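Residues per chain, in single letters:
Number of protein chains: 6
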Amino acid sequence: MPYVTVKLLEGRTEEQKKNLVEKVTDAVVETTGASKEKVVVFIEDMSKNHYAVGGKRLSDQ
Amino acid sequence: MPYVTVKLLEGRTEEQKKNLVEKVTDAVVETTGASKEKVVVFIEDMSKNHYAVGGKRLSDQ
Amino acid sequence: MPYVTVKLLEGRTEEQKKNLVEKVTDAVVETTGASKEKVVVFIEDMSKNHYAVGGKRLSDQ
Amino acid sequence: MPYVTVKLLEGRTEEQKKNLVEKVTDAVVETTGASKEKVVVFIEDMSKNHYAVGGKRLSDQ
Amino acid sequence: MPYVTVKLLEGRTEEQKKNLVEKVTDAVVETTGASKEKVVVFIEDMSKNHYAVGGKRLSDQ
Amino acid sequence: MPYVTVKLLEGRTEEQKKNLVEKVTDAVVETTGASKEKVVVFIEDMSKNHYAVGGKRLSDQ
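Residue numbers (the working numbering), protein chains in the order written: chain E, 1 to 61; chain Z, 62 to 122; chain C, 123 to 183; chain L, 184 to 244; chain D, 245 to 305; chain G, 306 to 366.
Here chain E stands alone, though its shape is the one from the complex (with noise of 0.2 Å):
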C-alpha cells in the first residue's frame, strides 16, 4: 500500500514502463511517506479501440 494503476495508450516500450513504475513509485514515497517496498504500481494498456474522447474511439479518429 499504496497501490497505483496507471492506465494508458499502447505502444509505450518496455524502457518507458520501467521507468515509469520507479518514478511513480517515487514520487508516491516522496509525498505520502510510505515505505517503498509496499508501493505497488498496475500498468494498464489501452488499445485505440477501446478507447473513446467526446463520443468518438481514437481508432474512428
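For the record, the hints were derived by calculation from the structure and aren't laboratory data.
Owing to the predicted nature of the structure, the values given are computational and were not obtained by experimental measurement.
Partial list, computed: chain E residues near chain Z (C-beta under 7 Å):
#1 His50
#2 Ala52
#3 Val53
#4 Gly54
#5 Gly55
#6 Arg57
#7 Asp60
Subject to a maximum C-alpha distance of 30 Å in a straight line, what follows is the list of computed BS3-like cross-link-like pairs (lysine-lysine):
#8 D:Lys267 <-> D:Lys282
#9 L:Lys206 <-> L:Lys219
#10 C:Lys178 <-> E:Lys56
#11 L:Lys239 <-> G:Lys323
#12 L:Lys219 <-> D:Lys251
#13 E:Lys23 <-> E:Lys36
#14 E:Lys38 <-> G:Lys341
#15 Z:Lys99 <-> D:Lys251
Derived contacts from chain L toward chain Z, CB cut-off under 10 Å, selection only:
#16 Glu197
#17 Val204
#18 Glu220
#19 Lys221
#20 Val222
#21 Asp228
Ideal Cβ placement from N, Cα and C applies to all residues, glycine included.
With the hints as your guide, set chains Z, C, L, D and G onto chain E.
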C-alpha cells in the same frame, strides 16, 4: 470527466463498439450536463474464462 | 453483463443520477444487444480534492 | 451483487481459475448472506511487465 | 498479489466483513497456491442510489 | 490520458495529496512523453476496515 468504463463479454463488432461509445456519451451529456468533449469512455472486453456468475465461469457452462 | 461504471464529480442531483442510469442502460442495450435486465450501472462520485488534471487538483484551482 | 474482481499474475491453469471462482463465491455467500446466483466474479490476469512492487517490475527482477 | 476487490451493497456488519476477507483469502490461497500473507482484499461499499440493475437504481425501486 | 488511480489508506493531509498528484503527474510526463495537461489523477482513500492483508483487516489488527 465524467469517465465511463463499460465491461462486457468479448465478441462485439467494431461497429457495435463505435455506436456504444457514441450513445453512452450522449446519454451522459444529456443527463448530467457534462460537455461532450470532456466525456471519456473505456471499453473492457471480458473473456468467458474470466467471468463467472453463481460460482461458474461462462467457459465452464 | 455488461457492467458500466460512471465516475463523475460529486454534486449531481438524485434526479440526474436516476436519469443517468436509465439513459446509459438504454444506450448499452440499443448498441450491444444486451438484455436490459442484465445491464448493471455503478456510479462513483469524486470529490474535488481527489481529482486532478495536469497536476492540479480541482480543489487547488 | 456482490461483485468480486480477482487480479493475479498470469499463468494459473484453467482448473485453478475454475476452482478459484467457485471457492471465492462460496466464501462470499457464507459470510455475507448473498444468494449464490447473484455473486459475480471477474478474473484479471496481470503480466510481469505490468506489475511492480517497490519500484521494480517483476519482469525487471 | 493476488489482489481481490469485493464490491457489495452497504449494510454488512463489521463481523461479516471480518469473516468475508478471511474466507475469501483462504479461498484464493487454496485454489491459486498464493501465500496467505501476500493476498490483499479491498472492500468497496455501494449505496443504493449508486447501483442500478436493468436501468433502475435500487433506491428508486 | 494517461489516467492514474492512487489507492491509499485514509489519513493523508491535503498538503500531501496536493504534492502527490503534482509529483505523480511529473513522473508520468517525464517517462511516457504524455503532455502534462492530459494527465489525470484520481485519489481513492481506503478505510482500515475495508483493507486486508493476509486475511486480516487493518482494523482487526
